[in-house]
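Fit chain S to the known structure of chain V by using the hints.
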Amino acid sequence: MKVELQHLTKIFPNRNKKIHSDVVAVSDFTYTIPDGQLVGLLGPSGCGKSTSLYMICGLQKPTSGKIFFGDDDVTELPPENRGVGLVFQNYALYPHMTVKQNILFPLQNLKGSDKLTKEDMLKRTYDVAKLVQIDDLMDRKPSELSGGQQQRVAIARALVKMPRVLLLDEPLSNLDARLRLQTREEIRRIQRETKITTVFVTHDQEEAMSISDTIVVMKKGVVQQIGAPQDVYDNPANLFVAKFLGTPPINVFNGKVEGGKLYIGDDAVLNTNIENDCEVMVGIRPEGFVLDPNGPMQCKLNGIEVMGRDVSVVSVNDACVAPTIRSIIDADNKPSAGDETVRFSLKMHKVFVFDKATEERIHYEVK
Amino acid sequence: MVDSKQQWKAWLYLSPAIILLLVFTGWPIINTIRMAFLEGYRSLEAAGGATYQIGFGNFTKVISYGKFINCMKNTVLICILTVPISSMLALIIAVCLNSIKPLQKLLQTIFFLPYVTNSIAIGMVFAAMFNIVGNVVTGSIQSYGIKNDSNRFFGGHWIDWNNVSSTYSSNITVMVVYIVWNALPFKILILLGGLQSVNKQYYDAARVDGTSRVRTFTKITVPLLSPMIAYGVITGFIGGFKGYTSSGGIFGETMGPAQDAGRLNTMVGFIYDSLSNSYQGRASAAALILFVIILIVTLLNLYVSKKKVHY
Chain V
1 MKVELQHLTK IFPNRNKKIH SDVVAVSDFT YTIPDGQLVG LLGPSGCGKS
51 TSLYMICGLQ KPTSGKIFFG DDDVTELPPE NRGVGLVFQN YALYPHMTVK
101 QNILFPLQNL KGSDKLTKED MLKRTYDVAK LVQIDDLMDR KPSELSGGQQ
151 QRVAIARALV KMPRVLLLDE PLSNLDARLR LQTREEIRRI QRETKITTVF
201 VTHDQEEAMS ISDTIVVMKK GVVQQIGAPQ DVYDNPANLF VAKFLGTPPI
251 NVFNGKVEGG KLYIGDDAVL NTNIENDCEV MVGIRPEGFV LDPNGPMQCK
301 LNGIEVMGRD VSVVSVNDAC VAPTIRSIID ADNKPSAGDE TVRFSLKMHK
351 VFVFDKATEE RIHYEVK
Chain S
1 MVDSKQQWKA WLYLSPAIIL LLVFTGWPII NTIRMAFLEG YRSLEAAGGA
51 TYQIGFGNFT KVISYGKFIN CMKNTVLICI LTVPISSMLA LIIAVCLNSI
101 KPLQKLLQTI FFLPYVTNSI AIGMVFAAMF NIVGNVVTGS IQSYGIKNDS
151 NRFFGGHWID WNNVSSTYSS NITVMVVYIV WNALPFKILI LLGGLQSVNK
201 QYYDAARVDG TSRVRTFTKI TVPLLSPMIA YGVITGFIGG FKGYTSSGGI
251 FGETMGPAQD AGRLNTMVGF IYDSLSNSYQ GRASAAALIL FVIILIVTLL
301 NLYVSKKKVH Y
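So the sequences go chain by chain: V and S. Quick note: the first sequence uses my numbering, first residue 1, plus one each step. Quick note: the second sequence uses my numbering, first residue 1, plus one each step.
Bound conformation, chain V alone (with noise of 0.2 Å):
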């Protein structure tokens, strides 16, 4: 089922009489999610990717803006009637109740010719129970489950009913490390069996990143870039999308563009085709850094990091935003530690420009 969002809009009335306009959560979202894709909503917190959510979902009513299941304009219609699975940040499992009888509710919910017989509902509970392997779990109480298991118990809920679209909300903030690995190609894998078309909203970008077929960054209710994730990793609309993608993040220098060159401080760095002189933002993946004895720019070596595979090496230079930099460079070719200074050349395809103002992407090429 693919999901059409035209001009989506949320606006909150402002309660606060000191303020006197009111809040854009979500702002004329327009996209088409094709059938069968998992597609991340990534934001920080407040930028109304939840909401966006809520209103696909039926639990919110936008604004302004239609949302299409299919052919069928969904935006009037109450939750129940969406045929959507929601999937809770917290799960919100009845707690009286065990899994068996979670996952059995929302069948017992259904009313005329959707109705099912007793055999039916159970054996529709017990092979989505099977799906995302809780079904040796049947009896328990959600408090006797680790959050691991409890998310499974969710999403078969939300499952059951078989769902148009699946929406999960952040589904794996409240799991540690590890259990979140696991459970991120978990839910890639019951998607890709199940071939529901989901929804998830996180603010975790390598948890985007790594199993949605396409992202949506956002920005203050503001949709910034839409696209497949190495796309939008190696191809930033703004600074703000380079900068929210990554670990570790994007270095951002000042810089300015004279006479064509790339300065960063006072390193002519690269040769580009800019024609206008300017002031602007230079964004430089870790990984864009290249040991280069001759290179153009040069920094005061701070320390160096060993992770194993790469070491980090973090460096000092005055043009850049923040304290330190930090490059990724292959463990076989680092400085020795003693180094007072060290200089790097530039992967061109990893260096991005942004206009200072706007801090809107500048697209160049080297000459």
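Hints in this document: simulated from the structure, not taken from any laboratory.
Quick list of the computed label-pair ranges, beta carbon to beta carbon:
hint	chain 1	residue 1	chain 2	residue 2	range
1	S	L113	V	H20	35 to 43 Å
2	S	L113	V	R15	27 to 35 Å
3	V	Q101	S	L275	52 to 60 Å
Taking lysine-lysine and the BS3-like style, the derived pairs with C-alpha atoms no more than 27 Å apart in a straight line are:
hint	chain 1	residue 1	chain 2	residue 2
4	S	K219	V	K123
5	V	K61	S	K101
6	V	K111	S	K200
7	S	K219	V	K141
8	S	K219	V	K100
9	V	K130	V	K118
10	S	K219	V	K115
11	S	K306	V	K141
12	S	K219	V	K111
13	S	K200	V	K100
14	V	K18	S	K101
15	V	K220	S	K200
16	V	K130	S	K219
17	S	K219	V	K118
18	S	K219	S	K200
19	V	K100	V	K111
20	V	K350	V	K367
21	V	K300	V	K243
22	S	K307	V	K100
23	V	K100	V	K115
24	V	K2	V	K219
25	S	K200	V	K141
26	V	K111	V	K195
27	S	K105	V	K17
28	V	K17	S	K101
29	S	K306	V	K100
30	V	K141	S	K307
31	V	K18	S	K105
32	V	K256	V	K350
33	V	K347	V	K300
34	V	K256	V	K367
35	V	K61	S	K200
36	S	K307	V	K118
37	V	K300	V	K261
Even glycine gets a Cβ: it sits at the ideal position worked out from N, Cα and C.
Chain S in isolation, oriented as in the chain V frame:
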């Protein structure tokens, strides 16, 4: 643990409370038990040097006493009627109050007012509302009371609720109405508190799953509130068994309509009567019987709620 050298300080700080509790709670309890087992104990005689045998005489006398059996019957009947009714009503009112957004605070205050009102005063007001002024037997009536006025307005016949021609069942009805009304605020308060602490996401989840309102109420709200409901029921039973002011407020000192004084007396009422006639032994025995009844009912409640209260 407190260092043993410092323990005397802890005892010192606790001593005012402990002394007061011993004098006003501990000793009376022990003394009640003592008096209950001294046959025919009367404190004035005891002060005069009379001695009493130890035995169950007070208990057998109390149990075979018609007035006591009547009081017990009244008390049990009132408990069985009022606790379920008030719990049910409180639940419905609390859920309704919780779903109202405008004026919620004002309405909460109004529903809580009976709790801060003197119960004797409430009893008198209720008595007045049900009261008929005039001679019921000859039919020269000046006022039928608010309740009968509304009965008559809807085409019903007037009923003598609490006057000389009233029946036992109409007396009980008045008391049940009064006790339920009086018990509501506290129950509403704890249920409303419970409702407001229920995670809203359960209701969102239920909505997404297409749960009907009735099913949401019976399958989610009630189970999630079950600890508060159990608490309300248990304290309701305890309060009901200790009830006294209800009868006194409505019927005055006679504890019943004029033609049949004491007809609606309660167990606590019986204890007071015995005390005021200085039958301390009998009163103590009745108090112990009441204690045992409350204990059994509470244990029963706890046993049931352990099975029904979900978490």
